[in-house]
Structure formats: structure tokens, C-alpha cells
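**Q** So the chains spell out like this:
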Amino acid sequence: MNDMAIWSEKLVKVYPGVRAVDGLSLNVPRGVAYGFLGRNGAGKTSTIRILLGLARPTEGRATVLGFPVGGEQVAILERTAFVSESKTLYGNLTPRELVRFTRGFYPTWSDQAVTKYSRLFEIPMDRPFSKLSQGNRTKVYLLLALSQGADLLVLDEPGAGLDPVVVDEFLRVLVEDVVGEGRTVFISSHQLSDVEQIADWVGLIDHGRLLLEARLDDIKSQFRWVTVTGNALPQTKSPEVLLVASEGDFRKYLVKKDAEAFAAELSGQGATIAGVSPMGLREIFLALVRKEESCTSGNVGEIAEVISSSVS
Amino acid sequence: MLLHVNTASGVPTYLQIETQVKHYIAAGALVPGDALPSVRKLAADLRISTNTVARAYQDLERDGVLRTVQGGRTYVAENPVSFLKSERVRRLRPYARQIAVEGTQLRLDPHEIMELVQQELDALEEVNERYGDLERKTR
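Residue numbers (our numbering), protein chains in the order written: chain A, 1 to 312; chain B, 1 to 139.
Note that these hints are calculated values from the structure, not bench results.
Calculated cross-link-like contacts (lysine to aspartate or glutamate; reagent style EDC-like; alpha-carbon spacing at most 16 Å):
id, chain 1, residue 1, chain 2, residue 2
1, A, Lys116, A, Glu169
2, A, Lys10, A, Asp22
3, B, Lys22, B, Glu78
4, B, Lys41, A, Asp177
5, B, Lys22, B, Glu125
6, B, Lys22, B, Asp63
7, B, Lys22, B, Glu120
8, A, Lys257, A, Glu240
9, B, Lys41, A, Glu176
10, B, Lys41, A, Glu169
11, B, Lys41, A, Glu181
12, A, Lys116, A, Glu176
Computed Cβ-Cβ distance ranges for the label pairs, DEER-style:
id, chain 1, residue 1, chain 2, residue 2, range
13, B, Glu78, A, Gln112, 37 to 43 Å
14, A, Arg19, B, Asp45, 42 to 48 Å
15, A, Lys10, B, Gly71, 43 to 49 Å
16, A, Ala75, B, Glu87, 49 to 55 Å
17, B, Gln70, A, Ser246, 54 to 60 Å
18, B, Arg73, A, Glu265, 44 to 50 Å
19, A, Pro164, B, Leu121, 39 to 45 Å
20, B, Ser9, A, Arg96, 39 to 45 Å
21, B, Arg73, A, Gly71, 41 to 47 Å
22, B, Gly71, A, Arg19, 52 to 58 Å
23, A, Gly23, B, Arg91, 41 to 47 Å
24, B, Pro94, A, Arg39, 35 to 41 Å
25, A, Leu54, B, Gln70, 45 to 51 Å
26, B, Arg93, A, Thr88, 57 to 63 Å
Idealized CB from N, CA, C, for every residue including glycine.
Could you build all of it, start to finish, from the sequences and the hints given here?
**A** Structure (C-alpha cells):
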């Protein structure tokens, strides 16, 4: 038992020929908006499927809201709302019928929420699900998830097919009615901008492994590119350095904290500091995710060495 | 509310809020006793996490800029600067250092850097006077 909304330790999921999840250890605190970010195929959906009991992990263990995954699945599902990436519901039922069908499963269900959000999202409540547009199908999922009164909302690519106005309304609802009430939102996405807007925490996943997990504001206040020139620059193994890249005569260090001290140290060893610059989430994402690819043409340049790590 | 944030920038969102609140107070747009929106309201309006707004409000409260009364409403503090001069200098020093470092890196002369700071001080004073005029007119 622990106090995390989601916790996992060395989670592994092997499908024939692929390690979809490869030793993933997550710590999602309660009451936060957590952005679970990665490229397509990074292992986001596989991880979620394990957490919700839809797939069995090959190795490792996890808890959701303190309940062990695979052990107390009913307790988890009663308290967790899930919006999946593939929006398939009973096609001949209307949203109103889907609400009637779903409400019985959840002791915390709120009919008031149904009224509120069906109006807010302008959902055609009496048209069969199969006749709805992609955007409206997504809205029905969100409606069901929000009305469930869950302690944890797990959203897998929730923005798909929604126009910007609805996305904006939805972000407002998540902030005010979910996080504002001390509940937890776990959003899996490759849409950095929407996640960057509301997330307090981000976890960055690639090839089934966690590259980074930290408070977003801490990342922004501490992560820096330190660009230097000079001879005999260290191939540093310092735990504060996440990434080293060479670009012509320059070497760039992605430093996760105390960048000024790091720059001063290099300077003391005879290097010339060309700059210490802050980075947005997008830049960090691209730098860390591209490190495993040959990126001679990318803006990261040739990677001298990679030290993957998470912020404590 | 007059606050804006740009979450795509490299500046932490809670710092953007803190800086703007301090700016509005320095410029006289917010005066002691003015109420700020609740954490939840501001978070919803800006579409950012309530935790981020709470962090900004807590920092501002710790600095004596805001105060929260029982019941949870937050106001601009009556006496925003109640610290000793040495403490105020200690808090400002990192920003002064940053200006010195960034300015030097951008190859500006010391007097050009000083001039920029002076211009910002002048601009603040100008805004302050304008708000003062408005206040007087409305009375």
C-alpha cells in the first residue's frame, strides 16, 4: 500500500518480438494532472492496459490508488474512469441509453454531471453512437468518464477528433472539477501543447522506458542547455547531465540542475561557455527522444553519450 | 483578471504568475486590500493546474505580498514589504546577478545594462503616476 495515485516498479510487458514496456517505474502523486508523454508506439497504451487490468504484466508490479494491479481490480475499476484511444461502444445505443447502461456500475455516479457536461459539450444525446462523428464519440466517452465521480481519470489520447473550442472547455473542466477537487488526471498523449498547458507533472516514455519524471515547473526552472567550446571537454558522467551532444566545434550538455555551477566548473577547466539557455517541454522531449536515433541532420547533432535518468 | 500565462515558454508557469502579480502591485494596478480570484477560479480561467496557482499564491504569501484570510479569500497584503532591508537585498540579488550575466553574454556594456534597468524603473513610475491620476479623477 502506498499513497500514490499510480505506482509501478520495473514493469515489463513482452509481446511476441517486442518489449512494449521495458522496466517502467512510475510515481504519480495524488491530486495532480500528470502528462504521460511519448511518441506513437512508445508503450503508453500498453502501460495503461496493464494498470487497468486489461493486460497482465510479464514482470514487475503496480498499484492504482493504493490497490494492487491484478489483485483488487474491481476496487480499482470502481474508482477509475478510463477514456480509451479506440472509441468503440455499443453502436446502436444512443448516448442517453449508454448513460443508463453505465451508471449502474458506479456507486459514485452523478446524474447532475451528466446534465452539466452533455450541455457543455453539446452532445446529441438521442442519436445512435454509430452515427456520431469522431469528435462527438470522444465527447460521449468524456461525459461517461466525468459523470462516474472517479478519483482517477485515465485519458488515452483524449484530444483526438475534438475541435479547439471543445478541447479548451475540456481543459477547463479537468482543472476546475477534477484537479480542483483533489482528484488525479493521468493523460497519455503525444500532443505536447495541451498537456503542457495543464500538467503539473510529466513522465516521458520511449521504447517502453521512462526517460524522465518530474514536476513540469521544476524542469523549466532547472533544465538548461550548456553550450561550450574548447579542447578536452569531459565526456561527463555527472548525474546532473542527461545528455551530451556535439555540434561542430561546440558541445552541448543537457543539465538537469545547478547548470550555472556546471558551467563554472567547465570554465575552470579551460572551456569557453557559449551559452546557458532554458528549454521548453517540446525541446526536452525532442532532445531526449531523438538520442537513440542517428540524428546527424536533427538539431541535436551527433550524440556523444546518453545518460538516462529521472529527476529525484 | 489581468493575468496571462504562456505555458509553452521555458519560464515556469508559477513564476509567470508571481512576476505578474508583483508587477501589477508595483505599477499600482493592484493595491492593498484588493481581492484576487480563488485558486480554482484562476486555474480554470487560465486552464492550468490548481496546484500551479496554489504554488504561486503560497510563494507570494510567504514573501508578504498576499495574505489569505480565514475562509480562503486572498488579498493583496496591506504592507507588502515588511522585511529588513538586508533581506530584501538578499532576495533581489539573484535577479541582479542574472541581469549581469545575461547582459554580459549578450555583449552589452555595463552602462548599457544599467540604462536598461533605469528605463524599466522609469516605465514603472510612469504607469504608477497614470494609475494615481485615475484614482484621483474617480474620487
